[in-house]
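Asks: For chain A, the structure is supplied; the task is to place chain B on it using the hints.
Residue numbers (the working numbering), protein chains in the order written: chain A, 1 to 422; chain B, 1001 to 1188.
Treat the hints with caution; some may be incorrect.
Said to hold, decoys possible - Which chain B residues stay away from chain A? Per the calculated CB distances, all over 10 Å, these: (1) Lys1053; (2) Asp1054; (3) Asp1106; (4) Gly1166.
Said to hold, decoys possible - Sample of chain B residues facing chain A (criterion: CB under 7 Å; computed from the structure): (5) Pro1044; (6) His1047; (7) Gln1048; (8) Ser1052; (9) Thr1181.
It should be emphasised that the hints constitute simulated quantities derived from the structure, not laboratory data. Note that the Cβ used here is the ideal one computed from N, Cα and C, for glycine as well.
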Amino acid sequence: MVGLHNSDIKNPTLRWIDQRLPLISLMQNEYAKFPAPRNFNYWWNFGALAMVNLMIMIVTGIVLAMHYTPHTAFAFDSVERIMRDVNYGWLIRYIHANGASMFFIVVYIHMFRGLYYGSYKAPRELLWILGVVILLLMMATAFMGYVLPWGQMSFWGATVITNLFSAIPIVGDAIVTWLWGGFSIDNPTLNRFFSLHYLLPFVIVGVVFLHVVALHITGSNNPLGIEPKGPQDTVPFHPYYTVKDTFGMCVYLMVFAFLVFFAPNYLGHPDNYIPANPLVTPAHIVPEWYFLPFYAILRAVPSKLGGVLLMFASIFVLFLLPWLDTSKVRSARFRPVYKWFFWLLVVWCVILGYCGAKPPEGIYVVLSRLGTIYYFAHFLIILPVLGKLERPLPLPESIAQAVLGGGGRMPAGAVAKPMEKA
Amino acid sequence: MAETSHASAHQTGHAPHAEGTRRDFLYLMTGAMGAVGTAAVAWPFIHQMNPSKDVLALSTTEVDLSPIQQGQAITVMWRGKPVFIRRRTEPEVQQANAVNLGDLPDPQADSARAQRPEWLVVVGVCTHLGCVPLGTKATDPKGEFGGWFCPCHGSHYDSSGRIRKGPAPKNLEVPTYTFLTDTRIRIG
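Bound conformation, chain A alone (with noise of 0.2 Å):
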């Protein structure tokens, strides 16, 4: 396909521009014109709303490096002066700090959103998978960003975690050596960390787009589960979706704003405001609470290889969810069976997060190994099991019509006019 592109834009000079490099054709094509399903409902703002969080991370990242010194010797001390000194030094760190919480919370909901409506069934076994990967890189980001202000928190944190892969056996040590380029946490792991922690979220940024690509190849999922069948079944993302989700957007905007405003240390923990002492561990160590749940499954092992092979698999399982699911109904709408199972895993992760903040003794450790049996089952035993036993609920004939009542055949047209004048 060589020659200029067909573009139909009026205007000559944007004509010119879009035959050589259809840059306006492919935004109108991708996100104006592009079919959506017609039945969305707020739960689908929050692929978008990660979108938007990470604009925001990069962007207030992008700052907090202008002023942050890699060097444990001035690293709390330039995280202070940020506080103190620099102009507005204190909402920028406070907006990126609470940003992470930010986009744990929305990429949580985002991903059981995924399991509830079967979002991750074929055709979209490899967006899913996309979106396993960025959570993966979030995490590893999101854990060298809290090493970079060096409290104690940060040193003692980043020494539990690294040491995770001394677990592996005969090389375990030297993989530790090299992560830290030393034989503890020092200058050189911090100076490393600050420079992967500017990388990785231009890396997201490179995974999100090819998630988004997987996404307009195979179309949006939908709250009913089944696949459009035509132009009565979708609407136009813009302006009908823009709009949704620039509405969503203020309302996750004032739950952000209210955080930093009032609550900018709620999600925090004091100790990191402690210089770093290589000397002295805290009496208690916790990750950020959006690690909590597989904190909680660490430590719910009896045995250090088996804790960190089990805090890995947890989040692996996620990649064989598409084909350990049997079911070909993907809304849980319809799965009256599965709907009670995904809402007894929510719990158990809230629960296990709840266990991994509490220290690891007495009840807390029954529950731990509970929820981590409960977590595995679920995605092993459960899943694969319930698809061939559960008898779903009749699924509508089409999209029109479950939303509009036996409104299916109705001509698109007919449908479009009234909503365009309102």
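Replies: For chain B alone, kept in the frame of chain A given last:
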């Protein structure tokens, strides 16, 4: 729902013009709100690159003048730049006052450049492209006019720090300074 709200607008007469008047208003208000919000968010991100409070806190510097002999000059740091302080001799001051202002590229009387004739305080940054001119140390070349000489592109400054020859457009800048005592000044 769309038709009912449309019809009621006609009945109550709130939209006498073509449909969309009310909508245009909402569009405009939403857009304006969005623009104001964006500007409000943009400002902290622009302002963070301006000098921070710790930088501003270091923006004055105090200098003890007592060790400087007549004919001697010293260099002090102020806001990360060199400042030349020269204790001029009587002939140097006379020379600076004797110049016909019409001959100067950037005409300025010496009395406007030195609060006390004996002391000349100028920022030691060439007004051409920012090099530091020579002439402060006793062994430095002082240029053709007995002041400073910038080796980068050959600008000559006189004993009042005024540009006399070469590509520089302006005289060496005189910073804000105050005599705290007879032998102590505060620059900035």
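Asks: Each hint: holds or not?
Replies: Now the hints, each set against the structure:
| no. | hint | verdict |
| --- | --- | --- |
| 1 | Lys1053 | violated, 4 Å |
| 2 | Asp1054 | violated, 4 Å |
| 3 | Asp1106 | holds, 34 Å |
| 4 | Gly1166 | holds, 37 Å |
| 5 | Pro1044 | holds, 3 Å |
| 6 | His1047 | holds, 4 Å |
| 7 | Gln1048 | holds, 5 Å |
| 8 | Ser1052 | holds, 4 Å |
| 9 | Thr1181 | violated, 31 Å |
When each numbered hint is compared with the structure, violations occur for hints 1, 2, 9.
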